[in-house]
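Chemist: Those sequence lines, one after another, are chains A and B.
Heads up, the first sequence is in the numbering used here, so the first residue is 4 and it goes up one at a time.
Heads up, the second sequence is in the numbering used here, so the first residue is 215 and it goes up one at a time.
Derived from the structure by calculation, the hints contain no laboratory data.
Incorrect hints may have been included.
[Claimed, not checked] Derived BS3-like pairs (lysine-lysine); straight-line CA-CA distance at most 30 Å:
{"id": "1", "chain 1": "A", "residue 1": "K464", "chain 2": "A", "residue 2": "K70"}
{"id": "2", "chain 1": "A", "residue 1": "K398", "chain 2": "B", "residue 2": "K330"}
{"id": "3", "chain 1": "B", "residue 1": "K268", "chain 2": "A", "residue 2": "K362"}
{"id": "4", "chain 1": "B", "residue 1": "K284", "chain 2": "A", "residue 2": "K398"}
{"id": "5", "chain 1": "B", "residue 1": "K268", "chain 2": "A", "residue 2": "K152"}
{"id": "6", "chain 1": "A", "residue 1": "K70", "chain 2": "B", "residue 2": "K311"}
{"id": "7", "chain 1": "B", "residue 1": "K268", "chain 2": "A", "residue 2": "K70"}
Computed from a predicted structure; not experimentally measured.
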Amino acid sequence: MSNNTIYDALIVGAGVSGGFIANALTEAGMKCALLEAGRSFPSGQYPDNELDANALLYWGGGIELNKNASLGLLRPKGVGGGSIVNQALVDRFDDDAFDSWREASGVSYFNRAEMDPWYDAAAEQISIKTVPEEYANGNGKIFREGFEKNGYQYAPLERAHRDCRFEDGNCCIECLRGCPIDSKQSTAVTLIPKARAAGLDLVPEFEAIHVDPRKDLVTVIGRGGDGRESVYRGRRLVLAAGAIGNSRLLLMSGLEKQLPALGHNFYTHPQFMCLGLYDEPVNGHHGPLQSYRSADPTFRANGFKLENVFASPVAVAMLVPALGREHMQRMRAITHMGCVEVAVRDTNPGRITVSSSGKPIVDKTLNEEDRRRRDRGLEAIHNIFESTGATEIIKGNLAIGLHLMGGCNIGTDPTRSVATPDFHLHGFDNIHVADSSAFPNAPGINPSFTIMALSCRAADKIVQGAD
Amino acid sequence: MSTLSATQQRGLLRLGDALIPGDGDMPSFSESGCAEYADRILVSMYSDDRAGLKGVLTLCAILPRPLIRKLFAMTDRHENAPEPVAGLLRMANVGIKGFLMTLYYSDIGGGHVFSKMGWDPVVHRQPQEPTDGAR
Ligand SMILES: Cc1cc2nc3c(=O)[nH]c(=O)nc-3n(C[C@H](O)[C@H](O)[C@H](O)COP(=O)(O)OP(=O)(O)OC[C@H]3O[C@@H](n4cnc5c(N)ncnc54)[C@H](O)[C@@H]3O)c2cc1C
Chain A
4 MSNNTIYDAL
14 IVGAGVSGGF
24 IANALTEAGM
34 KCALLEAGRS
44 FPSGQYPDNE
54 LDANALLYWG
64 GGIELNKNAS
74 LGLLRPKGVG
84 GGSIVNQALV
94 DRFDDDAFDS
104 WREASGVSYF
114 NRAEMDPWYD
124 AAAEQISIKT
134 VPEEYANGNG
144 KIFREGFEKN
154 GYQYAPLERA
164 HRDCRFEDGN
174 CCIECLRGCP
184 IDSKQSTAVT
194 LIPKARAAGL
204 DLVPEFEAIH
214 VDPRKDLVTV
224 IGRGGDGRES
234 VYRGRRLVLA
244 AGAIGNSRLL
254 LMSGLEKQLP
264 ALGHNFYTHP
274 QFMCLGLYDE
284 PVNGHHGPLQ
294 SYRSADPTFR
304 ANGFKLENVF
314 ASPVAVAMLV
324 PALGREHMQR
334 MRAITHMGCV
344 EVAVRDTNPG
354 RITVSSSGKP
364 IVDKTLNEED
374 RRRRDRGLEA
384 IHNIFESTGA
394 TEIIKGNLAI
404 GLHLMGGCNI
414 GTDPTRSVAT
424 PDFHLHGFDN
434 IHVADSSAFP
444 NAPGINPSFT
454 IMALSCRAAD
464 KIVQGAD
Chain B
215 MSTLSATQQR
225 GLLRLGDALI
235 PGDGDMPSFS
245 ESGCAEYADR
255 ILVSMYSDDR
265 AGLKGVLTLC
275 AILPRPLIRK
285 LFAMTDRHEN
295 APEPVAGLLR
305 MANVGIKGFL
315 MTLYYSDIGG
325 GHVFSKMGWD
335 PVVHRQPQEP
345 TDGAR
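Make the full structure from the sequences, and use the hints.
Modeler: Pasting the structure below:
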């Protein structure tokens, strides 16, 4: 791979959006380089313990905190990005989500009729299946029973996976460190290998630190794993470094004057995980990690959803209160714990800036409405645990943000948005974006399927523009 | 533990044992052998965060053990403090707890922590056919 090559497109970030766009552009005959800060892991060789997974698959050693340390941000890193570590749940947005996007952005194509073909195009590239209910573990059963007893509506889950072989006793909690059997449809096993076969240059361990946007040539300067700098050049640049990654890179490149909304409008769907203790074993770590989703219209109207999840021992240890022996005794009961979390559709936008050393600084808090949404969700979780016989309920008090969205929001107004409806930055025809950073606000629905759909649509625009 | 000085290494074991003293057959932090792996997290942290954590470990090497526990317990009660003090306490709490719990509950030091908790997830690793993009 020569740095002297002038690429048709440079793509920064090899996550969900980067994988989809790299493949579409390469298949259209464009010469592309996909630049990724994290490592590339060969099939089946993801870290086999949580310490290494946190260090290698996330920025900042596993977690980054917002300014007042009330929100932990999980920001994936590595070829495949979030699709390596995520739960791979794929949901199309409903009318409510698109209506609020249209209102916030002024972009008319944010509606189901115009977006459905792009969801379909994305779905053609990966395997999407319903999580089979018959393998639901104890935690799934608590969720279902709690919903039924309280009259809440739930539904099975659609997930981007091929065959997790639950009949063999496989446990998807292990796949939060990368799926060892390549069943999860991360871009690292789907789109990126396909694109490489078609001529894509993949450059792992290249952290882009500066972008120089000239009319006909974009230069990206980056740092390798050894700290040495190198340079890539291309006719256009696609930003796919995620919500924080894109804002950080453009801010470090001094573009905030030209893009006044840069780093603003940042959302996270703050999640609060709660544990319920049961006399009988729950074994929430067995089988599928999640089997159901909340589908209750009242929840949606109240701005939250509940997730049927479980967490690793490290995450549970962070949630469990107490110190010393008491903490350890509670940890021993991990197999007797049920777990449900509330994800808030947050209304209070945050702001991303960078420190002089390049560390992202995230100013993001819950406003009164967000706290109200959280509390309604916590109340529903309490009802679920109580009605299913939990002997104790532990409410998590640290919010976790893992749906990181915005910072380069799409919109028609260049003073209030960063990207145009045609997926290029206002004032920069040759810098494109369609990843999670482009979201105008928090949809309250899992984001990755819409990132895929937007990326398919953006790739089509880029290819048309290159003709 | 080469990123840490000898003093910081001592501080890590003292702080670790204050929070994770062992219980029945569950080893203490120092007995578990997990401290050996501290470098693997430290190198991936932002330099300011790493410097802050090293400062805490240096302090823990000299403070009396009961005081270490008391100070950490104070960070745990951040909810009672006004902002911005509460924010600083939360930051210390999540930073310290996150570091120690990641070391211990990753079960990589040979302490067999998982088997004592009944934590036994498995994935049988027969390879899959390459993805063909078919639904
Ligand atoms: C634990 C977890 C579970 C989740 N579960 C779900 C789920 O079930 N369903 C769902 O829809 N969503 C889920 N999400 C969220 C989802 O994974 C993200 O919304 C999605 O990955 C975002 O896609 P993206 O393309 O915007 O960025 P990413 O997929 O995050 O990719 C961005 C990539 O850019 C790289 N990068 C950043 N900065 C630079 C730089 N300067 N130079 C080079 N490379 C850089 C990063 O290392 C990363 O690999 C989950 C997230 C997490 C963390």
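Chemist: Against this structure, judge whether each hint is valid.
Modeler: The hints, checked one at a time:
1. A C-alpha spacing of about 37 Å is found between K464(A) and K70(A), which places the hinted pair above 30 Å, so the restraint is violated.
2. The suggested pairing of K398(A) with K330(B) holds, with an alpha-carbon distance near 25 Å, which does not exceed 30 Å.
3. Taking the CA atoms of K268(B) and K362(A), the gap is near 18 Å; set against the 30 Å cutoff, the hint holds.
4. With a CA separation close to 23 Å, the supplied pair K284(B) and K398(A) stays within the 30 Å bound.
5. Among the hinted pairs, K268(B) with K152(A) is inconsistent with the structure: their alpha-carbon atoms are about 50 Å apart, more than 30 Å.
6. A C-alpha spacing of about 18 Å is found between K70(A) and K311(B), which places the hinted pair at or below 30 Å, so the restraint holds.
7. A distance of roughly 20 Å separates the Cα atoms of K268(B) and K70(A); the hinted pair therefore holds under the 30 Å criterion.
Violated hints, in rising order: 1, 5; the structure is consistent with all others.
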